[in-house]
Amino acid sequence: MGRFVAPTLILAGQQLDSFSNISMSTVDVETGPAALPLMQSGQLAGVADVGEPPIAIGFARNIPLKVVWSGNVTPVTLVVNKDIKSAADLAGKKIAAPGGSTGEIFLKEYLAENNVAWNEIEYVDLGGPDIVPAYSSGAIDGAFIWVPQSLALLHAGGHELTTQPGSQVTIFSQEFIDQHPDVVQAFVCDMAQIQETALKTPNSVWAALAEKLKLPESELPELMPKDTIVPVAQMGSPKYLGPNGAFAQQVVATGEILAEEGAIPQAPTISEVNEMIDLQFAEAVTAGKCS
Amino acid sequence: MTDLPSATPDAALEQVDSELVRGHRLSRKRRLLPTGRWGDFIATTASLITALALVVALWWIAAIAFNDPNVLPSPEEVADRADELLTNGGDLGLVHNAQVSLIRILIGWGGGVIAGVAVGIAMVSNRWILGLLDPLIELGRPIPPLAFAPLLVIWFGIGELPKYMILGFTTFPIVAISTVAAVKGVDRNWILAAQSLGAGRLYVLRRVTIPAALPGILVSIRLANGLSWSSLVAAEIIASTSGLGWMILQAGRFLDTPTIFVGIITIGLLAFITDRVLRVAEAWLVPWRGKGAS
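Top line first, the protein sequences correspond to chains A and B. For the first sequence, my numbering begins at 7 and goes up steadily by one. For the second sequence, my numbering begins at 288 and goes up steadily by one.
Worth double-checking, as some hints may not be accurate.
[Unchecked claim] Stretches of chain B that chain A covers, calculated by requiring three or more beta carbons in the stretch to come under 8 Å of a beta carbon on chain A:
hint, region
1, 390-397
2, 434-445
[To be verified] Anything over 12 Å on all C-beta distances counts as not near chain B; from chain A, calculated:
hint, residue
3, D34
4, N68
5, S224
6, P237
7, K245
8, A269
9, K295
The set of hints was computed from the structure by calculation and includes no laboratory data. Quick caveat, the model's predicted, so the values are computed rather than measured. Even glycine gets a Cβ: it sits at the ideal position worked out from N, Cα and C.
Can you build the whole structure from these sequences, using the hints too?
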């Protein structure tokens with residue numbers, strides 16, 4: 007199998023030797039969009055744990071890819087310092103999010119919903135790992151970011167202004183799916199097993215993950231709450247990857263924001279996003295074809 | 288090789304002179320272009336146009352071969368995108384981002400040049416300062432300025448200062464080291480001659496040492512200018528929301544390859560233009576450069 011970006015569940019699965027059907031190597035990328043050029047050039051077979059922006063960008067740039075799986079829905083949180091009590095207080099404040107990420111999109115949506123213009127805040131484009139030291143030193147007043155950085159900001163004295171569910175999906179290039187459907191199916195079967203294990207006996211997963219990440223086991227449930235893991239049987243429902251579902255709608259909304267600011271030429275329609283979601287491999291899991 | 292059958296050295300030299308003059312006349316007759324500064328200008332321009340035409344032609348052929356604008360957009364697509372970014376680019380607006388980068392370069396590079404020249408002169412003037420700073424500069428010189436970025440964010444926040452400092456770190460060592468070398472290379476006899484005529488230490492520094500070292504220092508300033516532009520993307524990684532380096536990074540996130548090309552070409556053009564300006568300044572400041580001492 008080709009190289010693969012490694013999200014938390016994959017790391018846990020590797021630690022538990024859950025990938026019994028396939029072998030793969032993994033690489034880290036900062037954000038989902040950063041992985042697209044690597045997929046385009048064929049250096050990556052797929053990317054796990056990505057949100058909506060790479061799907062909208064992939065559509066706009068005619069990169070053939072398919073969403074095949076959803077691992078979990080992670081909380082993406084706007085954590086701010088104590089001086090900021092409401093959205094109106096964000097005006098003139100330095101708020102960070104990784105550029106082009108779900109965090110930046112959610113920040114734009116949140117400001118628009120609360121009638122705060124984008125140019126009223128001082129947006130700071132910072133990568134996830136840089137956000138925590140920047141907040142601790144007082145260089146920024148808050149950030150829209152996912153775990154574990156959001157937890158670190160809360161521990162550093164910040165408080166939550168809003169939280170949005172950020173879908174974490176797995177995408178494969180169409181070329182790889184066409185050439186190696188059996189490998190994609192094997193990967194999905196292994197992921198299904200890891201997710202079911204995490205839902206039924208989370209302690210085993212947290213222990214494995216703690217060992218892999220060299221973290222205290224007590225921090226893991228907070229890092230990945232059990233209720234955010236997507237049950238395999240519900241993956242095709244409107245709550246997750248189903249047609250016209252929550253994920254598809256958020257991809258359209260993301261695409262519209264990116265197109266409006268000129269980052270991409272056009273946003274996908276909901277039917278075009280539906281076509282980019284390929285649930286054949288997830289359906290094979292529920293049909294019992296993994297065993 | 289010309290034989291020199293003449294009996295005396297003077298006669299031999301006259302013969303060489305006449306050979307050279309004859310050869311020069313012949314070569315002038317054979318030339319298609321005028322000679323002198325006007326001829327140099329035409330030759331340089333023709334070479335530049337030819338090289339650019341060749342690059343664009345090869346680029347066009349490669350773009351047709353790849354047939355994927357995400358990988359390699361054609362020159363036409365890049366030109367169209369440049370036109371969009373010049374007229375209505377939003378956050379990616381070319382003029383705005385070029386202005387921001389130019390100001391960063393001027394401050395970062397300018398600060399590095401001033402510090403480099405001052406420290407370089409101080410190092411030559413005082414052996415204790417030389418002994419103290421030389422190993423530090425030599426140790427720090429190979430470290431990529433980007434490696435300091437996380438520390439600069441922690442120490443100085445996410446404003447403009449860390450960006451100026453990265454550009455300054457790029458500039459400072461090369462200017463400081465070149466200043467030391469240029470000042471040390473000044474002909475000792477000139478200094479002794481000035482001193483024998485009663486010139487004091489400061490007078491010698493101001494009227495002999497610095498003017499004599501200036502050509503070498505100015506070359507390092509020009510080199511540092513090029514290095515500053517090459518470090519721009521690294522500097523603008525730090526929490527930027529504007530500048531040509533940021534524009535390239537932002538375009539990369541959205542696979543906007545034509546904008547990446549526009550950013551790269553703009554950086555190249557601005558670096559070329561600033562170098563030309565520095566060459567003009569060099570010719571004005573050291574008009575004796577290249578004329579030799581007689």
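Quick rundown of the hints versus the structure:
no.	hint	result
1	390-397	violated (count 0)
2	434-445	holds (count 5)
3	D34	holds, 16 Å
4	N68	violated, 7 Å
5	S224	holds, 28 Å
6	P237	holds, 32 Å
7	K245	holds, 29 Å
8	A269	violated, 5 Å
9	K295	holds, 35 Å
Comparing the model with each numbered hint stated earlier shows that hints 1, 4 and 8 do not hold.
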